[in-house]
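Make a model of the complete structure from these sequences and hints.
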Amino acid sequence: MQVYKAPLRDMRFVLHELHNSAAHVAEIGQPDVAEELIDSILEEAGKFATDILLPLNASGDEEGCRYENGVVRTPKGFIEAYKKFCEGGWGALASDPAYGGQGLPEIVGKMVEEMQCSANLSFGLYPGLTHGATLALQGHGTDELKQAYLPKMIDGTWSGTMCLTEPQCGTDLGLMRTKAVPQEDGSYRISGAKIFISAGEHDLTENIVHLVLARLPDAPKGIKGVSMFLVPKFLPTEDGRPGARNGVTCTAIEHKMGLKASATTQLYFDEAVGWLVGEPNKGMRAMFTMMNAERLSVGIQGLGVAETAYQSAAFYAKDRIQGRALAGARYPDRAADPIIVHPDVRRSLMTIRAYVEGCRALSGWVATALDLETKAADPVRRQEAEDFVAIMTPVVKALFTDLGFELSSMALQVYGGHGYIRDHGMEQLVRDARICMIYEGANGIQALDLVGRKMPAHMGRFLRGFFHPVQAFIEENAADPKVLPLAKSFAALQQATAHIATVSLKDPEEAGAAATDYLRMFGLVALGYMWARAAKVAAEKLPAANGDAGFYQAKLTTAQFFADRLLPQTSALWSSIKAGKASMMALEDAAF
Amino acid sequence: MAEMFTKVAVIGSGVMGCGIAAQIANAGVRVLLLDILPREGSNRRAVAEGAIAKALKTDPAPFMSAAAARLIEAGNIEDDLARVAECDWIVEVVVERLDIKQTLYRRLEAVRRPGTPISSNTSTIPLSQLTEGLPERFTRDFMITHFFNPPRYMRLMELVTGPHTDATLADKIALFCDVALGKSVVNCKDSPGFIANRLGVFWMTGAVTQTIEHGLTIEEADAVMGRPFGVPKTGVFGLMDLVGLDLMPHVNASMAGALPENDEFHAINRDIPIIGRLIETGYTGRKGKGGFYRLNKTGGKRVKETLDFATGEYRPERRAELPELVAAGRDLRALMSAPGRVGAYAWAVMGHTMAYAAKLIPEATDEIVAIDEAMRLGYNWKHGPFELIDMVGADWLIERLHAEGFAVPPMLQRAAGRSFYRVQNGIRQQLGQDGEYTDIVRPHGILMLEDIKLAAKPVLKNGSASVWDIGDGVLCFEFTSKSNSLDEQIMALLGKTIALVKKEYKALVIYNEGSNFSVGANLGLALFAANIAAWMQVESLIATGQEMMQKLKYAPFPVVSAPSGMALGGGCEFLLHSDAVQAHAETYAGLVECGVGLLPGWGGCKEMLGRWASDPKMPKGPMPAPAKVFEMVSTAKVAKSAAEAREMLVLRPSDRVTMNRYRLLADAKRRALELAADYKAPEPREIVLPGPSGRVALNQAVAGFAKLGMATTHDVVVSGELATVLTGGDTDIIDTVKEGKILDLERESFMRLLRTPGTLARIEHMLETGKPLRN
Ligand SMILES: Cc1cc2nc3c(=O)[nH]c(=O)nc-3n(C[C@H](O)[C@H](O)[C@H](O)COP(=O)(O)OP(=O)(O)OC[C@H]3O[C@@H](n4cnc5c(N)ncnc54)[C@H](O)[C@@H]3O)c2cc1C
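Note that the protein sequences, when read in sequence, are chains L and W.
1 is the number of the first residue of the first sequence in our numbering; add one for each residue after it.
593 is the number of the first residue of the second sequence in our numbering; add one for each residue after it.
Since the hints were derived computationally from the structure, they do not count as laboratory data.
A quick note: this is a predicted structure, and the numbers were derived from the prediction, not measured.
Heads up, none of these hints are tricks.
Straight line, CA to CA, 20 Å or less: simulated DMTMM-like cross-link-like pairs of lysine to aspartate or glutamate:
| # | chain 1 | residue 1 | chain 2 | residue 2 |
| --- | --- | --- | --- | --- |
| 1 | L | 318 | L | 344 |
| 2 | L | 488 | L | 476 |
| 3 | L | 282 | W | 913 |
| 4 | L | 488 | W | 1131 |
| 5 | W | 599 | W | 680 |
| 6 | L | 221 | W | 913 |
| 7 | L | 506 | W | 1080 |
| 8 | L | 482 | L | 540 |
| 9 | W | 1049 | W | 1061 |
| 10 | W | 693 | W | 728 |
| 11 | W | 1074 | L | 507 |
| 12 | L | 224 | W | 916 |
| 13 | L | 221 | W | 916 |
| 14 | L | 224 | W | 913 |
The structure is reproduced here in structure tokens:
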């Protein structure tokens, strides 16, 4: 059974106690976003997730989207849920007030996103893509386009997509073929075929706004010749209503492993009317604004699914009785002990829990930087925040989504055969979580982004935002033996970083060979740092905690588990990194 | 050694005359600089005096020190011509007019001491014409010494002798120009343009006309002609802006007039109307309003613009993006064969320049090495034309010339199936006109690592340094890292080297043949390490460096550093810890760390304090030395010559200067052996420093500058740390401070600075833009 209640206590801990939301909202000039306000939003969002979205998760998966004659129907209940979603203003939470958004800090927005992903990943994709599209439009669109589209997208009346992928062009966007021909009136005609486009067609909104990457006639070859265009499904009329049907049609939807309630479409653009967003041939720059935000969001999808997997597994482990505790029966009055008494089941639960809470803490940290990047008064702080987001984006995306899949699979294991059959919904979580490792840049590509672009940029300047605070924390707490495992793995990460930076100067393949291991190592240290800080906060609060003592005690124990059992993986990763590419690259292509 | 002249007369104080005079004075030799009478005014020496005054303000400076300028005495040819009798050599650098030159020669004939060599710096008039009608006495003493502009910095001197020129006299001049003036002397025949300009003008003319012909933009042409062929990255158009567009028509006309009708130059030389228009409108290059490139300052903005040949107008500079260059990489043959206009252009210009070079044998000289040397030193090419031919393959070149119906010069034909150069038994050989290879012999007394390497393997070596046995018990430590930047590996190999010299050798020379001795510590590595908070690693690099510098200083054998070019930061600290420095005159040394928000951490503060404290000219008391060092180091002052380095005490009175780059290693080795004779390591020095009160005084001075807007926020932070180190930290005036204590202070302050965002921003900015950040 999919069990989910928003982990409000932990979210409050992350926001207020770990990342000091009060100081944060003051720094970004929103002191009125007080703790109580944040808490009430989280509570409402939690209710919405559990009451409205969760019940549609399994049924949506069962039913899937249906395609008929260019029209896509979402599963039963989605239209109503989406209406409520818009009415609740959930899509406009962190959007710009200038266009009808509520302008709440990202630290709140990201928590709410997590809840939606936990409760119903497929559903979350529709508004999620819209949000990303508004960011790209806001950053690079003309005022005219912004006025015409942003308010409708932010209030959810219209939805958005991002159209990059074509049959021959996935990771390598330089291979793109879709064309854009300029017209005398300043618009463009877009022609070409796109595949795998999420939310490319559906029945939730009255209009769909596609952000399409395409080539201008005189564009340079490769990635430097790609531009971004806005192509609406219906051309808006003078008074802003959906008017004439534009030349974009949905030719099919994909049949896929999971995420079945999300329409993954094939789109055909036939002389569709579009407008340039950003500069000619600078489409990637415009798209990256969106992709950075999206990549973090995809990371949070992984986290969201893992949370539900955890809650479901914890529920089942206490419920299902099999065998006896090794140290002697714990519940002698029952036929057997609940499986939660078994160390191996504990291992799974603790592992999932430690990762999930660590990831949440980390996403909170990155979210503060998302806010600071645009809202800090001091330009130096803004730059620092931007650097930090740059380095953490690939880490969060790949680490969280790898974990999302690994952990939901681990949770399924707790269910045994009952996890594998469909009834309990565990296999859905595994299937749904799997896509997050692929889209928005496959995780291997994230790792390359980390070692190949972000790491060497400005002689390692992006790294500073992570390495300096961690080193400072270790120095400040040098006397605390609990910080020792972090210090050790951090030192290894420093060595690995310097090592990769050096070897890849001579041989870029070395960087490529080390990339995935390095990203995981980086991620583990980042989580280790979050846990060390969380433990420190918990230890400080525990003596006066009263009713909350259990919470803090559990934090301390989970922190210890992370340091004891998970963080040491960094040593093994460092060993593989040091081994280099030799054995990986030795075999001839034909030997495979 | 060269017989030193005591006084030289230079007649003509234009840019070249004055520059030659300055270089002679730089060598420590007196100069009588004569020019004509001024058109007005009562000061009869005004012309030459004005030229000297202007030279003192010129950048890059013709003079190596203010003292050098004082060795020049100005005069005029009406009142002072007879004084050439005081001089050991007379250099004529007057306008390029035969009649004027000959009149002057006749007047000189009357007053000079018989047997005094006379030379002309003409670049266009053949020696045979210059001496026509002059008595044999004169022709025996006469030759052409053709310097390049600016004479201080351009290392080429073309020497042309006539059939009557006294060979001993010519040797004497050659030796003086070599040893005293630091020039590489290339013997040329009396043919038009001699070597460098003959080929250089051919190349430049071709490059311009072919750019228009093949429809390249100026940026594209410079990108093709520049880096790929090892030509300075200014390329051809940048170079023409530098020398002046207005020269081109004159030079080309004179070249065309002097060359025989069948010379290939005529085929590529044509009138380019747009250049005439540019000159008429004042666009004569950098000295004018701009040239092919210009800086448009209208509207308060500074926009770099480039001339568009198609429209004749300027447009914003556009970086050349040429996939052909990327595809060809270092393969010049691939570049010259690339389909399309880029390959066609590269071939049309360089293919023909290479062939033309071969044709200059035997017209302009009998030796290919002379032509290569002339182009390397006269045009700053990295490789001479024959070296380039060896890179693309003589056979390929011959075949292509054939295929396109061009004549193949006999010298090129001779290289068919082989190369122009080869190495035989560890010695570099050149192909001669007889088709035989002969050893390339350097002038007497030159020792080059480049040559040693052909015949030997390094004694020690790692990724950043090598050690060579240069004979007679002397080892040479060579930096081989990128830009000779200093890193862990250099320090590691230095440790091993010191141990080895101790056991088996007499002395150590630190020297290399890169364009700079060392630009200092590898800042990229340091910044990366700082960004990942690898403080221990950085600190241990500082500590190891300090340890190595101390070991160098106190080693039981002499250490001689022989720098040329930049010796900055850590590079300068190597000099400071050597027993002696044999510096190339063009050494630019300084402790520049403050520019990137750091301070000298390898004992630079310590050594400079010691030197200034023991300088007899300094006032007494603990404060003058720190104040003096503070002034230099906090402003990151760099000496613009070895002579200036002396003034800064980066060089001691006992340190010596070599004028000719090629002679540096031999001089350093000689010095090392001299010292080895009965060597005793120096005694550790203890000095008295002012402590906190001194620090406060220095800080107050900086605070004052900050108020006036002359010091930035981070300057204050950096100088604060520097003040702490230089005043001895918490020391008391009544105590003496040991070297170790100053080193500790250096290290601690260095580490504190490295942790500041201001310093990290400075380093990053320097690495990314090459310019200091004023934050
Ligand atoms: C459910 C779903 C929804 C999607 N939604 C959208 C959408 O809304 N909009 C959109 O534009 N696209 C969407 N996509 C497409 C998705 O972004 C791509 O599938 C993804 O970018 C990978 O491209 P590809 O499938 O062509 O794989 P390929 O690019 O063929 O890659 C295959 C494998 O090779 C690896 N690889 C490729 N190149 C390199 C390299 N240079 N170095 C190392 N490894 C490399 C990859 O990591 C990957 O593992 C969606 C896909 C799915 C399945």
